[in-house]
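Note that the protein sequences, when read in sequence, are chains H and R. For the first sequence, our numbering assigns the number 1 to the initial residue and increments by one for each residue that follows. For the second sequence, our numbering assigns the number 1001 to the initial residue and increments by one for each residue that follows.
Treat the hints with care, since some could be wrong.
In the DSS-like style, the derived pairs of lysine-lysine whose C-alpha atoms are separated by at most 25 Å in a straight line are [said to hold, decoys possible]:
| id | chain 1 | residue 1 | chain 2 | residue 2 |
| --- | --- | --- | --- | --- |
| 1 | H | K108 | H | K155 |
| 2 | R | K1469 | H | K174 |
| 3 | R | K1469 | H | K155 |
| 4 | H | K108 | R | K1025 |
| 5 | R | K1037 | H | K200 |
| 6 | H | K174 | R | K1037 |
| 7 | R | K1025 | H | K155 |
| 8 | R | K1469 | H | K233 |
| 9 | R | K1044 | H | K33 |
| 10 | R | K1044 | R | K1025 |
| 11 | H | K233 | R | K1025 |
Residues of chain H clear of chain R, computed beta-carbon distances all greater than 12 Å [unchecked claim]:
| id | residue |
| --- | --- |
| 12 | D21 |
| 13 | N104 |
| 14 | S145 |
| 15 | K201 |
I should point out that these hints are in silico values taken from the structure, not numbers from a laboratory. Beta carbons: idealized from backbone N, C-alpha and C, even for Gly.
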Amino acid sequence: MPLTARPQRPRVGLFVTCLVDLMRPSVGFAAVKLLEDAGCVVEVPRQTCCGQPAFNSGDRDTARALAEQAIAAFSSFDYVVAPSGSCAGQIKAHYPELFAGDPNIARKADALAAKTYELVSFLVDVMGVTEVEARFDGTVTYHDSCSGLRELNVKRQPRQLLATVKGLTLTEMKENEVCCGFGGTFAVKYGEISNSIVEKKTEAISASGAHTVLAGDLGCLMNMAGKLSREGKPIAVRHVAEVLAGMTDEPPIGAPDQRER
Amino acid sequence: MTLHVTSPQFKDNAHRALQDEQLQKAMGNVRQGFIDKRAVVAAKLPEFEALRDSARDIKNHALAHLDLYLEQYESKVTAAGGHVHWARTAEEARGAILDICRRVGARTVTKGKSMISEEIELNTALEAAGIRPVETDLGEYIIQLRGEIPSHIIAPAVHLNATQVESDFRRVHTHLDPARDLSQPVQLLTEARGVLRDRFLAADVGITGANFLIAETGTSVIVTNEGNGDLTQTMPKVHIVIASLEKIVPTLEDVSQILRVLARSATGQEMSVYTTFSTGPRRPQDVDGPEEYHVVILDNGRSSMLGTAFQDMLRCIRCGACMNHCPVYHAVGGHAYGWVYPGPMGAVLSPSLIGVDKAGHLPNASTFCGRCESVCPVRIPLPKLMRHWRDREFERHLQPATLRTGIGSWGFFARRPRLYRLATSVAMRGLALLGRNKGRFTSLPLAGGWTDYRDFPAPQGATFQDQWKSRKAEGRR
């Protein structure tokens, strides 16, 4: 949608994603801040999961049921935004496929797909955000998560905004477009292979010299954080939204909470 | 003769591959070699993406009219003095080839590189009939010496290093000076060439595969880099082409378009060194060429893919780009896949050809990273097709019970938002308390596949939806 065609203060339904909802709510609040700063009115309808694990496991009935649930919950918004390329990709690229044989729902699925975005690309491409008010001191490296990169063309947008974070230097790791080995249930079903893939990733991360690794998908981030901590590598792992929103008080992913309470 | 399929043991195969240091080193070369070369050569050609569309469309058109083009091809081959043999199964294909070899009294058969020959296990059949098959592609020659199958569809010996090849050559080439220097790759190449030269001269029949069969002209096309294919098909008195039916392309013009994406996608070359067109046997005015020209066209289950979602897979031009870019292939190598076709294309094709009950692991052993599809020169939606296999496995209850139970119980809650919120709210607070001090778990019940290799980050505590609701109630937002 061209910038001029969008509402002045669009109503955005935050699809928070089940991983952020359950594991790392701070990413959800960072997303809310970024969207509000960009001029959106953010609402959070009751939600569970986009259904991707079922879809990728061959369980089409469950995938359709969850998709219909999401379609019902989110249809009334101007936009639907998720802090994840994977979940946004499920809605944008795969909901239409799920209902291709069902004309009634297909129309709604297509409509939802058309207005669903991954968070950072939404900020840049739709809301026209060119900079953020944030500070993060140090050198970071950025992992391009697969679904965002290949299904939604998320590549330049996070780099464009990270470049405006004060104190932050971005240094690219080698093979930043190569999968981290997460792959949803793959990480558990084929743990040994997944491990071999993430080992190469953590090697690339350490070789970059960065003290923090960022990405736009919590699944990949938990995988990389889990491997880095198992390897005893003192590299912090965060969702890119936390840094862009300047909300980095919470300990990094997988790190102990050493704050007073 | 039964095919030794180890695809059902994929996990064990993968485990062994991951422990094999030499293999891991060799796979590192795949990661670095093919990918950069392809990227450079693709970037140099402004119309590369448009050519991929065009290649896809040409193959789709050919598949939509497969019967017509196959008949046209047959009539052109016949008109040129050649013979077409139709084979529904691997057994029929082997039978057709053995019949020809026996009729001409063949004792030695030279072979160009052919994956269809691997699929029908032709060498075993020839040997059983007392005929000596000699692979003449260097990589194929090496793995033939070792009694292995290819680990890659265009680089069959990519899993090996030069030291291993040297020791195989010393073991087999006992007529040569034991003190010779074989420390350089070029010395290995020269030695193989010398040995193969005699075989080319002795061969009674030459067998090649085909990258394309051209309906318009009755021509078979091979693309090679070593020149062995040309010697294989021109020197013996009989040339047999073995190809599967989806290799058909309507016209010469179509082939010239697809050739522009084939080598670029495969090896990162603009063109392969040799592109050889063969039409019928030697004509009276020709200076060389075979006296007989045969084409064995194999179905072996492919026609049953037509009209299904898997028809897209029949576009495949066997460039190998999908496996070159696959993180799972990089991790375990080609042999772990347990049958002829490895990597993403094998994960889709193998279940069609040998059954999803045997090859069921392959479409599951993918992270769906999508890099294969992003480089496929004929734009096969490989992840989508792997997912279709998962659908069928789910329908037939072929996946592990734990996965089914896991997805089932998670689905039960996810379909009931109120219950989901209640359950997750309690569970996350509990987990957060348990994991708070370390921020992570080093082991978790039922998640050994994860925690055997990496820690599991602890959740922060109250769920986002719980916190959002209380903030709303407090009027903070």
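Sort out whether R:K1025 lies within 25 Å of H:K233, counting only the CA atoms.
-> Given pair H:K233, R:K1025 holds - Cα atoms ~24 Å apart, limit 25 Å.
Taking 25 Å as the top limit, are the C-alpha atoms of H:K174 and R:K1037 close enough?
-> holds (16 Å)
Closest CB-CB distance from H:D21 to chain R, is it above 12 Å?
-> Given that some Cβ of chain R is not farther than 12 Å from that of H:D21, nearest at about 4 Å, it is violated.
Sort out whether H:K200 lies within 25 Å of R:K1037, counting only the CA atoms.
-> Given pair R:K1037, H:K200 holds - Cα atoms ~21 Å apart, limit 25 Å.
Does H:K33 lie within 25 Å of R:K1044 when you go C-alpha to C-alpha?
-> violated (43 Å)
Given the hint that R:K1469 pairs with H:K155, does the C-alpha gap stay at or below 25 Å?
-> The hint is violated at about 33 Å.
Is the straight-line distance between the alpha-carbon of R:K1469 and that of H:K174 25 Å or less?
-> violated (42 Å)
Is the nearest CB of chain R more than 12 Å from the CB of H:K201?
-> violated (9 Å)
Between R:K1025 and H:K155, does the CA-CA distance stay at or below 25 Å?
-> Outside the cut-off at roughly 30 Å; violated.
Between H:K108 and R:K1025, does the CA-CA distance stay at or below 25 Å?
-> violated (50 Å)
Cβ separation check - H:S145 to all of chain R, threshold 12 Å = It is violated; H:S145 is separated from chain R by about 9 Å at its closest Cβ, not greater than 12 Å.
Agreement of R:K1044 and R:K1025 with the hint, judged by alpha carbon distance not exceeding 25 Å | violated (30 Å)
In summary, the numbered hints that this structure violates are 1, 2, 3, 4, 7, 8, 9, 10, 12, 14, 15.
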